[in-house]
Amino acid sequence: MAELNTGGDGGGKGGKVRSKKQNSKVDLTAMVDLAFLLITFFMLTTSLSKPQSMDLALPDKTKTTDDDKNVKVDEHRTVTILIGENNVLKVFKGFSTAPLAGPKTYAYGKEGIRKELLKQKAEVKDYCTNTLGKPDQGIIVIIKPTKKSNYKNLVDILDEMAIVDVPSYAIVNEFDETEKKMLAEAAQPK
Amino acid sequence: MAKVKMSKNATSIDMTAMCDVAFLLLTFFILTATAKTPEALPVQTPNSTVQTKLPDTDLATITLGTVEGKDQAFFGVLGKQIRIRTLELMGEKYSTSFTDEEKEEFSRIESFGTPVEGLKQLIAMKNEDRNKKGVQPGIPKDSLNNQLKEWIFNARIATNEVDGKLLAVAIKGDAQQQYPTIKKIMDILQDQQINNFNLVTGLRGKDF
Numbered sequence: 021m022a023e024l025n026t027g028g029d030g031g032g033k034g035g036k037v038r039s040k041k042q043n044s045k046v047d048l049t050a051m052v053d054l055a056f057l058l059i060t061f062f063m064l065t066t067s068l069s070k071p072q073s074m075d076l077a078l079p080d081k082t083k084t085t086d087d088d089k090n091v092k093v094d095e096h097r098t099v100t101i102l103i104g105e106n107n108v109l110k111v112f113k114g115f116s117t118a119p120l121a122g123p124k125t126y127a128y129g130k131e132g133i134r135k136e137l138l139k140q141k142a143e144v145k146d147y148c149t150n151t152l153g154k155p156d157q158g159i160i161v162i163i164k165p166t167k168k169s170n171y172k173n174l175v176d177i178l179d180e181m182a183i184v185d186v187p188s189y190a191i192v193n194e195f196d197e198t199e200k201k202m203l204a205e206a207a208q209p210k
Numbered sequence: 020m021a022k023v024k025m026s027k028n029a030t031s032i033d034m035t036a037m038c039d040v041a042f043l044l045l046t047f048f049i050l051t052a053t054a055k056t057p058e059a060l061p062v063q064t065p066n067s068t069v070q071t072k073l074p075d076t077d078l079a080t081i082t083l084g085t086v087e088g089k090d091q092a093f094f095g096v097l098g099k100q101i102r103i104r105t106l107e108l109m110g111e112k113y114s115t116s117f118t119d120e121e122k123e124e125f126s127r128i129e130s131f132g133t134p135v136e137g138l139k140q141l142i143a144m145k146n147e148d149r150n151k152k153g154v155q156p157g158i159p160k161d162s163l164n165n166q167l168k169e170w171i172f173n174a175r176i177a178t179n180e181v182d183g184k185l186l187a188v189a190i191k192g193d194a195q196q197q198y199p200t201i202k203k204i205m206d207i208l209q210d211q212q213i214n215n216f217n218l219v220t221g222l223r224g225k226d227f
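If you're matching them up, the sequences are chains H and S in order. Anchor point for the first sequence: position 19 equals 39 in our numbering, and the numbering is continuous, going up by one each time. Anchor point for the second sequence: position 80 equals 99 in our numbering, and the numbering is continuous, going up by one each time.
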């Protein structure tokens, strides 16, 4: 197919007309290289251009039966994350007035909040299995984003939940006085 | 000693067939690739490691961004028929009627950010003029004039009528957007019993 017909027409005046001994094959290597490069490009762009997304399920606002209101949660199982301004995180365990651990300030990422969450998750698992005797229960994380926090902070924390594999978490928008104080302290420049 | 005869095989492989296949595939991928239309409100989404893809159909996207210090909301829904039906329902609600040409033109707009009152002018504009700065001021979403709520509501009705399915909602927010703005959108959705929605994020490496 790619061979070019370079043979002489043979209609010369008597005698043989020597056909030129040129290489009649076209080297297709470069062309194939280019074609495959472009294929790869288009394949990847078609599948990767679709945006990623994160599922978020929030509790129903309208349905507040008495059962929902009176759920009592063990303070040993809850970890609260306050998302403050300037990428500050405050984390404590249990009640804000008498926290079992913390409150401490953490940074985002692998070395900061993730370490703490993994540690807390293991601790809570241990507590649920050995003290409560309910190995199916786990950590509950309460995420409280302040008005000064931004969307990136929220998504980062939700992502952290997915990475650490926290079974139950909730976004809460109410702050008590102690928590407000904690955030005010965190906002102070050191 | 006798000479070892070299076999006279051709050293070059015939690549014709391979080349044919490669270009066939290339043509296929070029044709199936959809050209990316310029976004009306460009936003920098935050990154996450979660890799859920957005659905291809029956999806409404609310884009949130800040332009010159002001929060703006843009709205877009997938599917031509759904767009047309949504526009009709919005027209009924705000007593504006749209001609068939306007509906057709509107069904080609991916995402828009004008109040209903300014929608006719937007449709009359040329495609390249629409995305100019300051042309689209965002959809009103305050409690007095909550058109965003109406758009979502009517898009849901339209999706149900056209496809008989539930409309999925995605929020595409700018990473630096303040949380109260996002919360407001979540509240609008939750007021309509949409408790499950998607947050559009970029892709982050595994080693984050």
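Source of the hints: derived by calculation from the structure; they are not laboratory data. By construction, the Cβ of each residue, glycine as well, lies at the ideal position given by its N, Cα and C atoms. One thing to keep in mind: the hints can contain errors.
[Claimed, not checked] Straight-line distance between alpha carbons at most 30 Å, and here's what the computed DSS-like set of lysine-lysine pairs gives: (1) S/Lys202 to S/Lys145; (2) S/Lys203 to H/Lys168; (3) H/Lys81 to H/Lys130; (4) H/Lys167 to S/Lys168.
[Stated by the list, open to error] Pulled from the structure, derived: some chain S residues nowhere near chain H, Cβ distances all over 12 Å: (5) Leu108; (6) Lys139; (7) Met144; (8) Glu147; (9) Gly153; (10) Lys168; (11) Phe216.
[Unchecked claim] Which bits of chain H does chain S cover? Going by a derived footprint, with three or more residues having C-beta under 8 Å, they are: (12) 72-79; (13) 139-150; (14) 165-171; (15) 178-189.
Identify every previously stated hint that the structure contradicts and give their numbers, smallest first.
-> Numbers 1, 3, 11, 13 - these are the hints that the structure violates, sorted from lowest upward.
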